[in-house]
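Undergrad: Let's have the full structure, built from the sequences with the hints guiding it.
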Amino acid sequence: MNSLEAKFILEACRSGDLDETDPKIAEAIQSMESDPELSQWFAASQEFDRAVIAKLKAVPVPSELAERIRAGQKVVAVQARWNRREWLKLAALLMLLAALAGLLIPRMRSHDLATFRNDMAHFMDHQWDHAFDLPDPDFTTIKNWLASQSDSVQLELPLTLASSRTIGCKTLSWHGNKATLICFVPKGAGTVVHILVVDRSAISDAPGEEPQHARLPNWNSAIWSRGDKTYLALTTADSAKLEMCL
Amino acid sequence: MSNPGIDSHVERFYQSLYHFALSLARSDVVAADLTQETYYLWASRGHQLRDATKVKSWLFTTLHREFLRRQRHLNRFPHHETSEVEHELPVVSSTVVNDLDSIAVMQALQRVDEHYRVPLAMFYLEQFSYKEIAQALDLPVGTVMSRLARGKSQLRVFLGEAATGAAEKIIPMTGSRTQSNG
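The listed protein sequences derive, respectively, from chains A and B.
Counting in our numbering, the first sequence runs from 17 upward without gaps.
Counting in our numbering, the second sequence runs from 64 upward without gaps.
The reader is advised that the hints may include incorrect statements.
Distance condition first, Cα-Cα at most 16 Å in a straight line; then the derived EDC-like pairs of lysine to aspartate or glutamate [as the list claims (entries may be wrong)]: (1) B/Lys194 x A/Asp33; (2) A/Lys73 x B/Glu189; (3) B/Lys194 x A/Asp35; (4) A/Lys23 x A/Glu63; (5) A/Lys73 x B/Asp164; (6) A/Lys73 x B/Glu74; (7) A/Lys257 x B/Asp91; (8) B/Lys119 x B/Glu74; (9) A/Lys73 x B/Asp91; (10) B/Lys194 x A/Glu36.
It is worth saying that the hints were derived from the structure and are not from the lab.
Treat the numbers as computed from the prediction; the structure is a model and nothing was measured.
TA: This is the structure we're talking about:
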């Protein structure tokens with residue numbers, strides 16, 4: 017084995033874990049023992065590796081990344097529990113319905129943020145028939161129509177969304193709370209951004225103004241509050257494009 | 064959390080995974096997204112992994128697969144791998160690396176051909192051995208050794224260029240000062 021061949025093999029090794037049971041490495045070590053220049057080269061090569069490692073590890077990591085990862089896992093954990101106990105819960109619900117037959121009155125209740133996010137994603141995935149109460153490409157028309165339906169809809173959306181073309185809007189009921197779906201087609205997003213709006217008071221742990229991002233099975237999501245409303249954005253666009261819209 | 068100890072896996076690996084993703088994707092936003100996606104997949108499928116010692120390998124392999132899956136939608140990477148060592152490995156000292164800032168070193172790594180960059184990033188960022196890399200990427204050990212050597216060779220060239228570029232940005236000031244003072 018010449019010096020160049022030995023270097024080629026030693027490049028893949030660290031001084032602490034030279035596997036002498038590997039014949040090629042054993043031969044390279046032997047070459048190093050009889051060639052001080054090669055030995056010196058290996059020491060310098062290891063020093064080079066350590067310097068590269070130190071620099072790469074010093075590259076800044078987004079400060080909120082760990083939190084975003086954990087938030088995404090909570091979403092999965094909540095869904096996993098639902099899947100495991102789906103039938104049990106359904107049975108319990110049927111019993112409750114039977115017991116309260118005729119007495120059930122829709123009541124407004126607050127639920128947590130994760131429930132809102134999951135319920136809305138589930139609605140979009142499985143329940144929505146893609147029909148709108150008002151299909152219209154103009155957000156102002158939609159705002160006016162919503163205001164004519166109820167005086168409690170005062171929307172404060174980011175400018176990028178508010179100035180984007182719309183597809184339409186739909187109102188729905190979430191645990192007795194009114195929720196509104198508006199679908200936007202922001203420039204550059206390449207796909208639709210669905211905004212679901214609910215009263216801030218309907219969510220027990222309503223977020224602040226800073227959007228909280230989470231990855232759902234079929235969606236990238238962001239949720240934030242502004243004024244007396246909480247907004248949930250769902251899109252199939254990547255998180256970078258979603259962030260551009262907010 | 065449904066997976067015991069999952070928080071510790073986030074804490075232990077998310078920075079290395081982010082750096083690995085950054086070396087692949089060359090975009091901090093995409094890197095963060097890939098890292099998140101990897102942990103999302105871990106949270107939903109990680110329980111299938113019975114051997115806890117394989118977590119590190121699973122996370123890196125999954126992130127790499129996810130990166131490749133996304134890349135397939137964008138373009139294809141023709142791969143040209145030669146079987147011989149073409150030239151002497153270039154010499155760049157650790158001092159050169161120490162004098163560069165961390166972003167410049169990451170940018171040099173990002174310039175390395177993808178086939179060499181993936182094993183090289185695993186080698187550097189989470190101290191994978193060449194055998195672990197071979198197992199994770201399902202490659203023969205000899206191929207991994209070859210890719211590590213060539214990857215380092217390319218990295219040294221790019222680090223050398225980065226160091227030269229940095230040096231050229233330093234503007235000597237002595238001439239004009241001397242004249243105006245005189």
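Undergrad: Taking the hints in turn, state whether each one holds.
TA: Verification of the hints:
A threshold of 16 Å between alpha carbons decides the hint, and for B/Lys194 with A/Asp33 the separation of about 11 Å falls inside it, so the pair holds. Simply put, A/Lys73 and B/Glu189 have alpha-carbon atoms about 10 Å apart, close enough for the 16 Å limit, and the pair holds. This hinted pair checks out: B/Lys194 and A/Asp35 have alpha carbons roughly 10 Å apart, not beyond 16 Å. The hinted pair formed by A/Lys23 and A/Glu63 meets the criterion: a straight-line CA distance of about 15 Å does not exceed 16 Å.
Annotation: proposed proximity of A/Lys73 to B/Asp164 holds, straight-line Cα distance about 11 Å (limit 16 Å). Taking the CA atoms of A/Lys73 and B/Glu74, the gap is about 14 Å. The hint holds against a cut of 16 Å. Taking the CA atoms of A/Lys257 and B/Asp91, the gap is about 13 Å. The hint holds against a cut of 16 Å. Proximity of B/Lys119 to B/Glu74 is assessed by CA-CA distance (about 12 Å); at most 16 Å being required, the pair is judged to hold.
Simply put, A/Lys73 and B/Asp91 have alpha-carbon atoms about 15 Å apart, close enough for the 16 Å limit, and the pair holds. The hinted pair formed by B/Lys194 and A/Glu36 meets the criterion: a straight-line CA distance of about 13 Å does not exceed 16 Å.
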